[in-house]
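Please take these sequences and the hints and turn them into a complete structure.
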Amino acid sequence: MSGAVLVALTATIGNLLQGWDSATIAGAVMYIKKEFKLESEPAIEGLIVAMSLIGATCITTCSGSMSDWLGRRPILIISSLLYCLSGIVMLWAPNAPTLLLARLLDGLGIGLAVTLIPIYISETAPPEIRGFLNTLPLFSGCLGMFLSYCMVFGMSLTTLPNWRLMLGALSIPSLVYLALTVFFLPESPRWLVSKGRMSEARKVLQRIRGREDVSGEMALLVEGLGVGGETSIEEYLISPISRDSKYPDTAGKDRIKLYGPEEGLSWTAKPVTGQKSFGLLSQQLLSQQPSVAQSPLRLVDPLVTLLGSAHEKLSEAGSVPRNTLFPFVSSFSGLGGHQVRAEESDEESVTRESDDEQSDDSDDNLRTPLISWQASAEKDMVPTAQESVTSARLQGPFLTNAGESLGSMGIGGGWQLAWKWSEREGGFQRIYMHEESVPGLRQRSIVSPSRADVLAGYDYVPAAALVSHPALYSKELMKQHPVGPAIVHPAEAAKGPSWNDLLEPGVKHALVVGVGIEMLQQFSGMSSILYYIPEILELAGVRGLLSNTGLSSSSASLLISCITTFFMLPSITVAMRFVDVAGRRRLLLITVPLLALCLFILVIGSIVKMGSVVRSAISTVSVVLSCCVYVMGFGPIPSILCAEIFPTRVRGTCIAIVSLVYWISNIIVAYSLPVLLKTVGLAGVFGMFGTVCLASFVFVFLKVPETKGMPLEVITEFFSVGSKQAITAKNTGYSNC
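Take 6 as the starting number for the sequence shown in the numbering used here and just add one per residue.
There could be a bad hint or two in this list.
[What the hints assert, rightly or not] Mimicking PhoX-like on lysine-lysine, the simulated pairs with C-alpha atoms at most 25 angstroms apart in a straight line are: (1) LYS200 - LYS513; (2) LYS708 - LYS683; (3) LYS513 - LYS38; (4) LYS513 - LYS683; (5) LYS683 - LYS42.
Bear in mind the hints are in silico, worked out from the structure with no lab data behind them. Keep in mind that this is a model prediction, so the values were computed, not measured.
Right, dumping it as structure tokens:
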């Protein structure tokens, strides 16, 4: 997975520049107001600091539509250009108006980078390490702050600190970022698929995954083009087809055939109908009433319970590091660092090479097959009165116990992608399938530690599945009574977003979660505290702690700022380590109360009578600990969640809405923080922020679901199902009243 990691590291240089800028202006403003004589004009001083936030807010309003139109990579290139230009202008700035213009340009670059980088990483990262890679932006931002504070502290010790050099130094790393975005970063494969550029998307996936066979993920990206739709939860029994029979009795009309890369490795999936559901997860998913309706915690969002049960039951099935449902398919985590090539026939290889040579992203390129249909599948696709069967061949090398490659239909996180033909439903249906853990039947299933046991003749594996119409399905074509499947050309499915898509229940549900978590994150105050950390540390009494060092008050606060940002770096590694293990939701539920505790300790230390040195020590330690705990969870996770929960077609638009709320809340808190510090004091401000953290804990507990390890398309499918469950629960509550 080195390709995806390198791409993510390169993209996060934009966050390093943002952190560098925010720390530099916090230290440089003390010298700017002296040169421009702004001591009597606090409005201009505040505007110099806030102008970048204003620029970021303005550009955010159109960043989503710009990224959906131009692509993710061009927006990152524009961001790097704005960073570089603003650094050059700040290096020259002869007066305050010119400096304000430079800060505005800088804010435009920040707004584009902060909005697009999480989207870009989420769209290029494998599901198993998506959370880890999406914590890199915060790590890079804190690294930029640390380096900047070190530079500003060193310059503060000189006789005449040069604030222009402090701010203008931004242009040097900006040039490096510009070169890397132009010559190294690929375009997002999901964006390419959304524009119908299949060949380019396949090449990008092959590059960042380090293997040739990306058929399954290509099919998944096409399925991600849809928004909404009716999704049902079904349950299947997966059993192996006999090696000794070409057309075994087990391949009845009610079964979906799943083909392996070699003869004798085929499986069948038989739907469980009626009241025969045996899995605890499936019992909940298939129930007419959401389980939360019978729970004492009625306020908990059904989606939270739904995804919580999914992670609990599906993870027990042992999908990582290898998939026991299909023993020849592993997850991305088994790849290590190798580059593995799929075993393809000479004819398939020649065909693919020929397609690549002739590829010009024209309309013909859209007809490149995403999966290979076996000849036997065509025989099975004869419609019956009930349901017929279609089969997808799983390409790719046979999986060993160590897990060396990913089969075509393995889409990450242990999930499988398949299709079936249903005459009753009027065409193809898409299936996202995952093995389900059933304690009572575990001994008789093929879930076992070794692959040899799997092939030795165990009965079956239970699996839960999300079933809906594929993205290429067309209701309009169905009205014309087609002879074959009603499937549209990919170019028609790859249409742009519309405002009506935002009204789809799953999208609205995701917007509530995204807007709520981002707003609460900003009103917790920690992002704004980082803007004013030197001043806050000075109010906390850091000068008294360092009075024997001979440093001035400003230099002492800058030194503690360096130390604070230094300790934040290893704190972020806690989030990096556990965000894909413990999960986003659990990490928030642990760190948000700890953050509130740190904030309230400072309040208590300010109220209780004690010596000035002890009070200063408690206040300073509380500020430092608050910053460290913040970056363990509440700092990186909101942006990770928001980049995961929206469908591909509207992801840019939804992220723009969420980012607009983020920046408006950031401006409100950042602009009011100096006033609050003077009116209610440091203890009052931290008490308010601690109260918001408690409210955030309640919101996370009730509304924020777990999304770790799932493909983005599966997450949005769960949001669609969960939103409908929430509506059902609400209507049920009203009817009971």
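Status of each hint after checking the structure:
As the CA atoms of LYS200 and LYS513 are separated by approximately 24 angstroms, the hinted pair is consistent with the 25 angstroms bound. At most 25 angstroms may separate the alpha-carbon atoms for a hinted pair to count; LYS708 and LYS683 exceed this at roughly 35 angstroms. The suggested pairing of LYS513 with LYS38 is violated, with an alpha-carbon distance near 46 angstroms, which exceeds 25 angstroms. Among the hinted pairs, LYS513 with LYS683 is inconsistent with the structure: their alpha-carbon atoms are about 40 angstroms apart, more than 25 angstroms.
Distance hint between LYS683 and LYS42 is fulfilled; the C-alpha atoms sit about 22 angstroms from each other, no more than 25 angstroms.
Checked against the numbered hints above, the structure breaks hints 2, 3, 4 and satisfies the rest.
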